Amino acid sequence: MLSALEGSQAVARAVGLCRPGVVAAYPITPQTHIVENISKLVADGQLQCELVSVESEFSAASVALGAAAAGTRAYTASSSQGILLMGEVLYNISGLRVPMVLTCANRALGAPLNIWNDQQDSMAVRDAGWIQLYCADNQEAVDTTIQAFRIAEHTEVPVMVCVDGFVLTHTLEPIDLPTQEQVDRFLPPYRFERALDSRHPLSLGTCVDPLFFTESRHSQHKALLRSMQEIVAADSDYAGIIGRSCGGVLSVFGSAEAEIAILAMGSVCSTLQEGMQIFSQERVVKLIKLRAYRPFPVSALREVLQGVRELVVLERALAPGSGGIVGMEVRSLATTMNSPPRIHNYAVGLGGRDVPIEIYPRLIEAVTCATEPVWFEIFDVEVERLPIEDR
Amino acid sequence: MIEIRIHGRGGQGNVVAAYLLASAAFEVGRYCQAFPNFGAERRGAPVMAFVRLDVRPILRRSQVRTPAFLIIQDPGLLNVAGVLDGLQERGGVLVNSSRSSEELSHQTGKTVVSFAATHLAMQITGKPLANVALLSAFASLTGLLPREALVKALSSRFKEDVLAKNLKLVDMIADRVPSKSWKEIADALST
Amino acid sequence: MLVLTRGSYALPGTSIDFKTGTWRTSRPLHKHWAAPCHSACPAGEDPQAYIANVQENHHREAWESIVHINPIPSITGRICPHPCEHACNRGRFDQPIAIHSIERFLGDEARQRGWEYPIDLGRGAGATVAVIGAGPAGLSAAYHLRRRGYQVTLLDALPEAGGLMRSAIPINRLPRDILDADIARILALGIEFRGRTRLGVDVHLDELRSDYRALFLAPGTSKAKAWSVDGAVPTDHRTALELLQEWVAVGSLPAPQSVIVHGGGNTAVDLCRAMRRAGVKEVHLVTASGLPGPDTEPDDIINIVPRELEQAIEEGITLHPHRTIQRLLFRGSRVVGVEMVTLRKLPTKSGQTGRIAFEGTETLLHADMVIPAIGESVDPTGLGTLLGGGREYLWPGNPFGRLEHTPGLFVGGDARGDRGTVSAAVGDGRLAAAAIDSYIRQSDDPEVMSRAVITFDHINSSYFEPAQRVEEPTLSVAERTDTAEIDRPLSSAAITHEANRCFSCGSCLACDNCWTFCPDNAVVKTVALAKDGSHYVFDYEYCKGCGICAAECPCGYIVMEAEL
Amino acid sequence: MTTINESAFDVEIRKAVLRSKLKERHRVETSFPRKRKEEPALAELRERQPAFRGLEAGHRACQGCGEALAARLVAEAAGPDVILTNATGCLEIFTSPWPQSAWRVPWIHSLFENSAAIAAGIEAAMKHQGKATKVIAQGGDGGTFDIGFQALSGMLERMHNVLYVCYDNEAYMNTGIQRSGSTPHAASTTTSPAGQERMGKRHLKKDLLSIIASHHIPYAASASVAYPRDLRRKVRRAMEVDGPTFLQVHCPCPLGWGHEGAVTIEVARLAVQTGLFPVVEFERGEVAGVMPLRNPKSVTEYLKRQNRFRHLFSNDPRAREEREHLQALADRNIEKFNLRGEGMDPLDSEGADTVRRGGLVA
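Chains as they are written, first to last, in our numbering: chain B, 1 to 391; chain Z, 1 to 191; chain F, 1 to 564; chain E, 1 to 362.
Since the hints were made in silico from the structure, they are not lab data. Treat the hints with care, since some could be wrong.
Claimed, not checked - The list that follows gives simulated cross-link-like pairs (lysine-lysine, DSSO-like), each with its CA atoms no further than 30 Å apart:
no., chain 1, residue 1, chain 2, residue 2
1, B, 40, Z, 159
2, B, 40, Z, 127
3, B, 40, Z, 165
4, B, 40, E, 131
To be verified - Distance ranges between label pairs, derived from CB positions:
no., chain 1, residue 1, chain 2, residue 2, range
5, F, 3, B, 358, 30 to 40 Å
6, F, 481, E, 304, 37 to 47 Å
7, F, 361, E, 304, 25 to 35 Å
8, B, 383, Z, 85, 16 to 26 Å
9, Z, 85, E, 203, 53 to 63 Å
10, F, 3, B, 284, 21 to 31 Å
11, Z, 39, E, 332, 50 to 60 Å
12, E, 332, F, 352, 21 to 31 Å
13, F, 475, E, 335, 47 to 57 Å
14, E, 304, F, 475, 48 to 58 Å
15, F, 484, E, 358, 46 to 56 Å
16, B, 211, F, 562, 29 to 39 Å
17, B, 91, Z, 28, 16 to 26 Å
18, F, 448, E, 335, 29 to 39 Å
Note that the structure is a prediction, hence the values are computed from the model and not measured. For every residue, glycine included, the Cβ atom is placed at its ideal position computed from N, Cα and C.
Sequences and hints are given; from them, build the entire structure.
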């Protein structure tokens, strides 16, 4: 049923529909509303779960790990510094192949301190062995959250659902929450085969020496690659039951024949989508909305990039001293194409900088005028605000 | 698309006003979007929130730069730089103030409707929060939101006594402002 | 091929595949030492073993363990000077175990409850053996021979069996009903006793040697040794043994005003006490030995049951330790006192020890009577050439008492010349019986147990609590009579308490320490499987050889042995 | 052909079991398995021990490892219906070199500093599943006093039904003997070495137990491997409590402390008997019990047995000073916890380890 909900509230209710047994979280802006809303569900008796209000994000991830390893569906959420504080645990969870879901309310990393949205936090842990799914709007955030549990539990790879902080989490908009019955049909009760159980006492988290560590990393890599199919399958099964899809690993808007394409992740896709409608007279363009960043959908991307001559890759983060993060990976896959597009890599909307709709025509103009591909630039830098040496 | 910007101060229920406005619109079948200009400001500091209403799904997530309407929760905010920025030429400004609409229109050079919302809210709800009163006035001015929509929106947020008082406030405000004087603009933007 | 598990989990307890035993350079072993009490017991008892049974409240098993060695624990428990207690490692911690009390208790229990000697007569060899002398050595030999199934004839000059135990030990130390009952129980095993049969008078060696397959000679020592001080002898010279026997048999003693007894054994002390009770005002005991204490070397302590020494002092006996009589003082022909001199047992030039008198330490002691208590020798009557060449004893020269030049003839007890206690006599009888058995069966001498003796430094005393040794209640001096037993029995609870003080030196206490403290689970608890009699086995597949078990074994039962 | 749906996991288990059976050494059960006649007698006996065996033989701890012993005793007393977590450290490393594990209870190692948080998560899961299985978090002193302290404090504050056991061997032993917050004053470690200018660690051993007790938890206690009966009793006591409990178990590290493995227990015992390691119990923040010292021994007795204090026996005048300092610290402990015994007590520092024939029932 459609209702006007704040993004955080919607995500919280989606989590509740998944019937987690243990939720552990530590407050950090802009994730707080999610946890507050879950707490409210528990307080109102609408969700039977153990809510563990830990003393740090590090413990939040650890508690969730403990719970999931013990065979209970577990969930946590965080942002920014919190994600980094969890970092050590995140690697550990994925290495142990313990399924769980984490919502990252994306936020910039300090210093300087900044509570606003970009995606530097989830990018910083992109190699932690988690599946990362980015949401373009709150409906996707809800649907992806529910799908994430199934993906995690089928693949035994943890899933991070990335929801842009404030831009989505604090925005009220009409959202269709599936019914409990639908979610139950989609998501069977959690069963972890290697659960800690005194009747079946396994040892988890052993020490693996050089003789086998290479293989264990290979296995983990393979598991991530295999999860691609499960992401697609979960999305299509979800569509079958609930009637709505998130596009699997990626979606394309606009003309398939377009020679200009923009690739982006997260809420900026919505603005760009409207830009495409408003400024449709400009050029034929297609928008590639990348939902799965990990696993990185190499073949799906290669397919949608066929025939594209100019590709803009937008980032909400950067690798200082190198440039774009997503851009670099796209560039690398393009080298495997027969006629790769020229790739222009921009970071936009860092630390909450508004991404106005006008960005669309400006980008199109920039790439169509460019004589050389833009290796990497931070869009919208006000040069005069910079110290001389940094201009 | 109707874009609205709400100015207030931390603690005045600015975001609530935005959410209520969007929710009420949702109740009459509009697409809506409401979000704060997310800040770290504390109680008393000037803040903003944005509302978009449309008959089509709203995609853009940028801030509202050219609002059709401004809702200003206290007259002091009129002195804050940028409050009136980007207001569409035909747009209207709803201000909580004891000064007259005319006086303020003259001062700002915009179409201003004002009334002493805090005073009324204080009388009815016992709390100096103008947001619901302003919302009711906005509904009356634009004719966008029938009473039932407001009631539904308020019911989802308030309960029992607080709800009753706020509903009373809503009803009391409706004829304090020139009803439907902004309806034309609103309708024009709604197609 | 080993295949990676998801998330690299491992199955429980699979470390068992990893044999840490290969890390070891030394390994723990159970070492069954001889406990000092065992080693010190002249009878050959293993008190540590039967105390272990008492700890578990298995009194009958405990008693059976004793009578496997010594048939008369209720007697030795009363009268033995118990060198076991002196040797007891617990003495280095607080006080030694009151082994004699436990032994006595078990002997009394057996008699009172009518426990039968655990003897299997079925295996009887049937051959006949004669035992001459029904004192402790003879009784022990007869008993042990009977246990082996021999037909034993026990001969004694006196009408009743018991030897010195009957003739010379004060009744208040060894009630005769107890002696009678125990002897009766032994004889009832099928031993033929012939009293009033004096060797050389009523029977003769040659005739016995032809009638029996073997002979065990335990005639004791009944001939007073010649005694004089520089050639002088009191006119009223009587030996202590004579007087004591007279007192035990008839109940009368001479009662001068004051008496000096010269000697350091039980006979001397028993006589002192008897005379004191008979009315002698001043009784002096002059002895070359020292009293127990820091000044006295262990081998120089007076060979008397400590509690008896205490009782003697209580009763007013004056002791003159580390003294000897150098001169008799006469008034006419009558002795009026002695000159004493201080002496010490010291190493001499020859490398042995000897008693050295110190010039200038002479003192005079006046008394009406001087009685020597310096021992007796074997009565040669009927022994023919066995005691030739003026020898006082039979000196067999081996622990079995085998007289090398006369096959089939064995000797034991005081007559050996190197014994002095009932317990030693009991031990002689047991060893001789074993040797006689070997002789008759024409097999080799039985093996003599020779385990190393465990010392206190092998005991981990952290695991034991200080606990007061029990003492038998005694009659007060005023209550003491010639017949009532002075040392009263202890309760079963007191005995259990005392038994629980035992360190179990060199024997497994089954305390679980090794099992509890092994970081590697390499000590496995068992009863059925331990080949060495302990309750635990070492799992050498996993034992890393750290040595904690050895260090923390309270009993010194575990030692580390280097593995090369 | 069977039609039972076999999960990938089941298949893995089955294969592993088959592999192990080939080697004739394997168990999954926590109860003692049935007799297998073809097995050697010793292996069978191993299975039939009268105590639950939570930590199996074949782990790779050093000879005479106090921590291995402590963990073994804890697992024995707590099992089998228990789930263990383990901070990174020696215990974790030597018990779980894949594909082997010495644990016969469910066990998980995650990280160095989150043992308590992992345990809290498992406990929450047990609550949610309606199970009574108790959770024990384990860590060394590094993982408890230092890096894991925050997670531990949080777990205690939230009143999780978890027993946290700190195996206190007073330094980071796994990484090669670096000083920790638990390292005693003046002890030499590789990061607090004794030298010309220093007499070992300059700072004091953190009074962790008091800090823990100040969380107002139902039960917090210290124990020593030298007193296994006391240790077992405390584990059982803590297991009975529905709420957070804490045990600090003093366990010597022969390598790190510089003594022979054989004297591990003796050294541990001396730590208690000198007063340097007070064995105490707190309930709701109040001292509820102590192991009295019958005859407090001189700290020298303890110090001289360990190379980490060797420099305290040099000619340097500071050596004497530091010895006196340590003695004063021991005296302070004795005074603070009123440890001085009043005569003989069967549960005092000399009575608590008394043995008797037939072993310890407790």
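Evaluation of the provided hints:
Pair hint residue 40(B) plus residue 159(Z) holds up; C-alpha atoms about 16 Å apart against a cutoff of 30 Å. Under the criterion of a C-alpha separation no larger than 30 Å, the hint pairing residue 40(B) with residue 127(Z) is consistent with the structure, at around 25 Å. A C-alpha spacing of about 25 Å is found between residue 40(B) and residue 165(Z), which places the hinted pair at or below 30 Å, so the restraint holds. For the hint linking residue 40(B) to residue 131(E), the alpha-carbon distance of about 25 Å falls within 30 Å, and the restraint holds.
In this structure the hint that residue 3(F) and residue 358(B) lie 30 to 40 Å apart at CB is violated, the actual value being about 57 Å. Take residue 481(F) and residue 304(E): their Cβ atoms lie about 60 Å apart, and the range 37 to 47 Å is violated. The beta-carbon spacing between residue 361(F) and residue 304(E), approximately 47 Å, falls outside the hinted interval of 25 to 35 Å. The supplied range of 16 to 26 Å is met by residue 383(B) and residue 85(Z), whose beta-carbon atoms lie about 23 Å from each other.
Distance hint check: the CB atoms of residue 85(Z) and residue 203(E) are about 60 Å apart, consistent with the given range 53 to 63 Å. A hinted range of 21 to 31 Å is violated for the C-beta pair residue 3(F) and residue 284(B), which are about 53 Å apart. A hinted range of 50 to 60 Å for the beta carbons of residue 39(Z) and residue 332(E) is consistent with their spacing of about 54 Å. The beta-carbon spacing between residue 332(E) and residue 352(F), approximately 58 Å, falls outside the hinted interval of 21 to 31 Å.
Between residue 475(F) and residue 335(E) the CB atoms are about 51 Å apart, so this pair conforms to the stated range of 47 to 57 Å. As the Cβ distance of residue 304(E) to residue 475(F) is approximately 52 Å, the hint placing it in 48 to 58 Å holds. At roughly 40 Å, the beta-carbon separation of residue 484(F) and residue 358(E) lies outside the given 46 to 56 Å, and the hint is violated. For residue 211(B) and residue 562(F), the hinted distance range of 29 to 39 Å is satisfied, since their beta carbons lie about 34 Å from each other.
Range check, residue 91(B) to residue 28(Z): Cβ separation about 50 Å, and the 16 to 26 Å hint is violated. In this structure the supplied range 29 to 39 Å is violated for residue 448(F) paired with residue 335(E), their Cβ-Cβ distance being about 59 Å.
Of the numbered hints given earlier, the model fails hints 5, 6, 7, 10, 12, 15, 17 and 18; all others are met.
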